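Protein chains: 2
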Amino acid sequence: MTHVNIMAGGPQACLPAAWEQLPGVWIGVDRGTLRLVRAGIHPELAVGDFDSLTLEELRLVRGHVQKLQQVPSEKDDTDTELAVKAALQASSSGDVTLVGGTGGRLDHFLSNLFLPLQPRFLADVERLHLFDVQNWVDYYSPGEHEIKPLPGYRYVAVVNLTPVADLTIVGAKYPLKPWRAGYPYAWASNEFLGKQPFTVSWTTGQVAIIYSRDRRGQKLDN
Amino acid sequence: MTHVNIMAGGPQACLPAAWEQLPGVWIGVDRGTLRLVRAGIHPELAVGDFDSLTLEELRLVRGHVQKLQQVPSEKDDTDTELAVKAALQASSSGDVTLVGGTGGRLDHFLSNLFLPLQPRFLADVERLHLFDVQNWVDYYSPGEHEIKPLPGYRYVAVVNLTPVADLTIVGAKYPLKPWRAGYPYAWASNEFLGKQPFTVSWTTGQVAIIYSRDRRGQKLDN
Chain A
1 MTHVNIMAGG
11 PQACLPAAWE
21 QLPGVWIGVD
31 RGTLRLVRAG
41 IHPELAVGDF
51 DSLTLEELRL
61 VRGHVQKLQQ
71 VPSEKDDTDT
81 ELAVKAALQA
91 SSSGDVTLVG
101 GTGGRLDHFL
111 SNLFLPLQPR
121 FLADVERLHL
131 FDVQNWVDYY
141 SPGEHEIKPL
151 PGYRYVAVVN
161 LTPVADLTIV
171 GAKYPLKPWR
181 AGYPYAWASN
191 EFLGKQPFTV
201 SWTTGQVAII
211 YSRDRRGQKL
221 DN
Chain B
1 MTHVNIMAGG
11 PQACLPAAWE
21 QLPGVWIGVD
31 RGTLRLVRAG
41 IHPELAVGDF
51 DSLTLEELRL
61 VRGHVQKLQQ
71 VPSEKDDTDT
81 ELAVKAALQA
91 SSSGDVTLVG
101 GTGGRLDHFL
111 SNLFLPLQPR
121 FLADVERLHL
131 FDVQNWVDYY
141 SPGEHEIKPL
151 PGYRYVAVVN
161 LTPVADLTIV
171 GAKYPLKPWR
181 AGYPYAWASN
191 EFLGKQPFTV
201 SWTTGQVAII
211 YSRDRRGQKL
221 DN
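For the protein sequence lines, the chains are A and B, in the order given. Take the first sequence: its position 86, counting from 1, is numbered 86 in UniProt numbering, and each next residue is one higher. Take the second sequence: its position 156, counting from 1, is numbered 156 in UniProt numbering, and each next residue is one higher.
Note that these hints are calculated values from the structure, not bench results. Just so we're clear, the structure is a prediction, and the values are computed from it rather than from any experiment. A hint or two may mislead.
Same chains, same label: a pair holds when it works inside one copy or across any pair of copies.
Cross-link-like lysine to any residue pairs, in silico, SDA-like; alpha carbons within 20 Å at most [what the hints assert, rightly or not]:
1) 148 with 125
2) 173 with 49
3) 148 with 25
4) 67 with 86
5) 148 with 197
6) 195 with 16
7) 195 with 142
8) 148 with 195
9) 177 with 118
10) 75 with 177
11) 195 with 147
12) 75 with 173
13) 85 with 166
14) 75 with 176
15) 173 with 76
16) 177 with 74
17) 173 with 72
Using the sequences and the accompanying hints, generate a full structural model.
Take a look at the structure:
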């Protein structure tokens, strides 16, 4: 199974450290493709209208992309949705990680955050991930899930992105007795007890598990 | 009616331009208070455990805050929730704008984004706003709403943060016929037709209207 990484056009400052070294193949979303090419990565596919690229930049992209799918700017799917569809359909593709999908415009970010919840992607929800400089996001469907620590991340949040029933956390610093709500809510700033996994379960709804860490030099940043 | 601005501790780079000049009074959330004091603003209230402040910083904060509410770090409400509660309860308070609440840790950001959807805040949802360097967020309850252009923002998104029924957009660049979904979805990148307002209506669910703009020098940023 091959990991597929998708590079969108979010702010440079929000990219994960050393993203160039992520294992797997790459798909570029519109202007994100240029970022890949300039980092010496030749994406398998690039999707977008590429309107914001100069002719010279577009030439550079064309020369270093295996397949370029130029689409109209006004269409039903976003470029990122098209990239995710392609990633999931590729033969032998495994997990799909979206980078460059956070920060900047909130409408773009929320479109990315909520993308896995669309009915057409739901069967693959556990293969989809969001990754940036301070956060790693996993998505889960109802059931009982063992959540393991992720080295380098101090915090872990349980976030129901849809209405949820019987949401329960067992074995974390802050346990949660069965809880239900008709609105999304972030159970933020939870932590692992040492290196022990904890258990999250629920019966209806979609939940994201968000690993996060403080910024380097956060005290100075303010 | 007095505007109340709340300063949380999100990354400096995500703060709106010239935030120091926002009209109204200020409430500081934990380390965000220090940012206010250093900008010459004396907040009416500061809420937090202030664990991350040095003794010297805490002394500075104490000397420039009208009321300091020091709370335990492990409690039911987040510091931001306590600040919003206080802001809504203040006599003659009008709209409440949260700044410093985006960027950085996604669990913190989502906690802030979803805060107005909690049943206890829902009656005041239309008084609550999120504001950062590229985005302005309004929240609305079901009904028919006239959405006006906001100078300086090219894009406007209709984002149902909860399941929604009969969501309809009339008079914008991309209209929407009555739509329903059990999951959140960002109708991103819509635009106004000239300076004309457009109409959004729906019968159940909570919807955010997100005004956004591209970054300055976005083409170079990648």
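These are the hints, each one checked on the structure:
no.	hint	in the structure
1	148 with 125	within (18 Å within a copy, 36 Å between copies)
2	173 with 49	between (47 Å within a copy, 18 Å between copies)
3	148 with 25	neither (25 Å within a copy, 43 Å between copies)
4	67 with 86	within (12 Å within a copy, 55 Å between copies)
5	148 with 197	within (4 Å within a copy, 48 Å between copies)
6	195 with 16	neither (23 Å within a copy, 39 Å between copies)
7	195 with 142	neither (24 Å within a copy, 45 Å between copies)
8	148 with 195	within (8 Å within a copy, 51 Å between copies)
9	177 with 118	between (28 Å within a copy, 18 Å between copies)
10	75 with 177	between (44 Å within a copy, 16 Å between copies)
11	195 with 147	within (11 Å within a copy, 49 Å between copies)
12	75 with 173	between (46 Å within a copy, 13 Å between copies)
13	85 with 166	neither (31 Å within a copy, 27 Å between copies)
14	75 with 176	between (43 Å within a copy, 13 Å between copies)
15	173 with 76	between (43 Å within a copy, 14 Å between copies)
16	177 with 74	between (46 Å within a copy, 17 Å between copies)
17	173 with 72	between (49 Å within a copy, 16 Å between copies)
Going through the hint list in order, the structure does not satisfy hints 3, 6, 7, 13.
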